[in-house]
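Protein chains: 2
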Amino acid sequence: MAATFIADSKRLLRDLDALREIGRVSTGVVRPAFSEADIDARAWLVHRMEEAGLEVSVDALGNVFGLPPGNAPALLVGSHSDTQPEGGWLDGAYGVIAGLELARASLEQGGPPIACVSFQDEEGRFGNLIGSRYWTGALSLEEADLGCDDDGLSLAQARVSRDRLPAPRAVSPERFHGFLELHIEQGGLLDLAGEQIGVVGAIVGIRTERMRFTGEQNHAGTTLMHLRRDAFQGLVTLATRLNERLAEEATPATVWTIGRVDLQPNANSVVPGRADFTLQWRDGEEARLDQMRDIIYATAEEVAAEKKLTWERFGCDSLPPTLSDPGLVAALSQAAGELAPGKWRVMTSGALHDAANLSERMPMAMLFVPSIAGISHSFAEDTARADLELGLHVAAEAICRYCRTQG
Amino acid sequence: MAATFIADSKRLLRDLDALREIGRVSTGVVRPAFSEADIDARAWLVHRMEEAGLEVSVDALGNVFGLPPGNAPALLVGSHSDTQPEGGWLDGAYGVIAGLELARASLEQGGPPIACVSFQDEEGRFGNLIGSRYWTGALSLEEADLGCDDDGLSLAQARVSRDRLPAPRAVSPERFHGFLELHIEQGGLLDLAGEQIGVVGAIVGIRTERMRFTGEQNHAGTTLMHLRRDAFQGLVTLATRLNERLAEEATPATVWTIGRVDLQPNANSVVPGRADFTLQWRDGEEARLDQMRDIIYATAEEVAAEKKLTWERFGCDSLPPTLSDPGLVAALSQAAGELAPGKWRVMTSGALHDAANLSERMPMAMLFVPSIAGISHSFAEDTARADLELGLHVAAEAICRYCRTQG
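Residue numbers (our numbering), protein chains in the order written: chain A, 1 to 407; chain B, 1 to 407.
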């Protein structure tokens with residue numbers, strides 16, 4: 001029960017290199033959910049899991065599980081093998097192959113029971129993190145089927161390609177006592193600090209709100225500056241003040257973004273009468289998200305009053321922060337402290353991951369390795385091979401420690 | 001030669017009310033160039049001119065001239081009778097009917113020779129001020145014909161509707177010794193000051209430039225604030241600094257506008273990698289336009305350097321300021337001082353007008369009446385009837401004074 005095992009990081013790299021060839025384009029990978037390359041990759045995974053002696057189950061949505069023989073509670077380790085339309089070779093793939101290697105090595109060496117998984121459509125071709133939401137029961141198959149990609153293809157139609165995989169067999173989340181996801185950081189924090197391991201203490205909560213300033217559309221020649229009610233200038237002032245005011249409340253991981261702006265009528269010679277925009281803010285703590293919301297609302301009200309605009313908001317899309325399991329975080333921290341002394345930190349994930357969905361059903365944690373220059377969702381995404389290997393060893397050591405406490 | 005005349009301002013109002021019915025929608029008018037309503041209005045004008053004893057010439061583009069009998073050099077007075085897609089009842093129409101009344105009254109009473117005109121497509125359905133540019137020789141018919149409206153209809157196609165008007169006959173600009181355009185102000189300066197008459201000393205020059213900040217498109221969750229190269233934030237900083245720096249150089253009539261903004265990829269969860277925008281600035285003096293340009297370029301460079309963005313500009317569309325004729329301005333000022341003491345000013349027109357094109361061929365000036373609340377290009381546009389009447393009388397008095405100096 002309390003046995004240990006050593007993962008084979010060279011085998012990890014070989015499998016990662018093999019998976020990279022499926023859907024490879026230049027230095028990156030094009031393997032969106034349910035594309036031919038995605039199903040090829042899942043079929044290849046099924047084969048590798050079977051070779052490792054794992055029992056394979058592929059559910060109706062195409063989530064691929066490799067289970068250790070027997071019915072003992074297992075730790076689930078994995079991520080996703082689908083990619084962005086222009087994806088990097090490690091985003092998701094690293095966690096999937098790390099899961100495969102950890103399950104395989106532990107099975108070979110009599111270590112603790114470890115299962116592995118590749119979730120489907122984490123990258124959102126048909127919806128947000130559909131595979132893990134379906135598996136954890138947050139989304140029914142019927143609901144998932146309604147999702148469409150940018151070309152209008154529905155998931156129900158796309159799912160036909162899943163027929164090349166083994167017949168659907170459900171896997172109960174009850175079988176697992178925890179979930180670990182290894183992933184590239186996707187940001188530049190570790191790389192910039194020269195560190196090798198990030199232990200994820202929390203996954204950010206995300207608030208996204210669409211807002212509007214309405215002023216008076218007017219002639220850009222005859223409307224004197226002091227008589228204007230320019231909706232875009234309202235947004236400029238709001239953005240400027242938020243940069244000051246939110247910074248006072250922010251942790252280094254707190255972020256806010258005005259990513260979308262649509263002006264009316266958006267013409268060279270017309271003072272903008274309307275500015276629609278989205279404000280998105282992320283933080284690991286719900287209380288700080290609330291505090292930021294209060295600052296944003298108050299500042300928008302203030303700017304509207306000063307500039308004689310009206311300000312509206314159209315409901316906030318809200319995803320709460322997810323806390324990692326303290327026991328798993330402790331085990332990962334101890335392992336990182338041992339194998340990467342002075343080169344690791346506990347950090348917040350600024351991106352969403354399947355792990356956030358799994359936290360509804362079981363203790364969860366994540367381990368990050370650095371992204372070179374913080375680049376992801378790009379063919380240029382990469383991580384030093386030594387960091388990929390170290391991440392695997394830290395995970396193996398942490399799992400052994402954690403499973404001893406579960407024994 | 002030096003005879004005087006009195007214009008009939010009640011007849012002016014009756015003709016304005018009649019013209020308003022052609023294409024009327026609610027309190028406004030929909031009479032875009034070459035629409036059925038526009039040609040109806042021009043046919044009505046032809047009829048009114050003939051009734052007044054004026055000789056009518058309609059040129060190939062549909063510019064309608066009413067000429068006093070004989071070949072003596074005349075003063076041309078007019079504007080345009082086409083409207084914006086949602087236009088007010090006075091924008092252009094006031095100057096056209098004022099021209100009709102001045103030519104008519106002067107002819108009736110043996111005053112100086114006055115001709116009147118309604119130019120075609122001042123509002124830019126097929127191009128910028130096409131009618132007056134064609135007539136003054138700045139644009140050939142072949143060039144004008146290439147212009148298309150927003151639905152892709154070419155001027156060549158639309159011009160077929162002109163066949164309902166008298167057969168084309170050219171009118172030489174050589175025949176006229178000056179041009180006067182009466183127009184609503186379109187801004188709120190006169191209304192706000194409680195004044196009734198604006199004598200236009202200059203028509204603004206306009207610089208319009210499309211610019212771009214390019215940063216790094218990135219994940220709005222994992223990209224920490226201090227590592228971002230957010231193209232939209234570059235625009236926010238530029239806009240803020242220009243509001244301070246340009247204000248230091250500005251006259252009350254100087255304006256600048258960011259009317260158009262297009263972000264890439266314009267998505268909630270992505271740090272904008274590119275911000276395309278237009279900056280337009282207007283002033284009555286070329287030297288100040290240059291000075292503003294220098295400030296804009298320097299500030300954009302500075303912001304780009306600070307925020308690690310690149311800044312590009314794609315050539316400046318430039319229209320020089322136009323100065324009114326000092327003799328006409330003097331005559332208008334004397335007349336305004338007499339008929340509207342303490343309630344007039346010399347001012348700069350922030351909008352372009354046909355008069356700017358005519359200044360290439362003859363002495364030109366403009367007279368403004370107030371726009372209530374500064375509203376134009378809207379069904380809500382309006383001017384007090386007393387101001388419409390006063391404007392006409394000031395013009396008549398000024399014309400008599402001016403023509404005496406020409407005699």
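Hints may contain errors.
Copies of one chain are not kept apart here, so a pair can be met inside one copy or by any two copies together.
Below, simulated DSBU-like cross-link-like pairs (lysine-lysine); rule was C-alpha separation at most 35 angstroms, straight line [what the hints assert, rightly or not]:
(1) 10 - 308
(2) 307 - 10
(3) 10 - 343
(4) 343 - 307
(5) 308 - 343
Simulated from the structure, these hints should not be mistaken for lab results. In this text, all values refer to a predicted model and were calculated from it rather than measured experimentally.
Cross-check of the supplied hints:
no., hint, verdict
1, 10 - 308, "neither (64 angstroms within a copy, 39 angstroms between copies)"
2, 307 - 10, "neither (62 angstroms within a copy, 41 angstroms between copies)"
3, 10 - 343, "within (22 angstroms within a copy, 89 angstroms between copies)"
4, 343 - 307, "between (50 angstroms within a copy, 29 angstroms between copies)"
5, 308 - 343, "between (52 angstroms within a copy, 29 angstroms between copies)"
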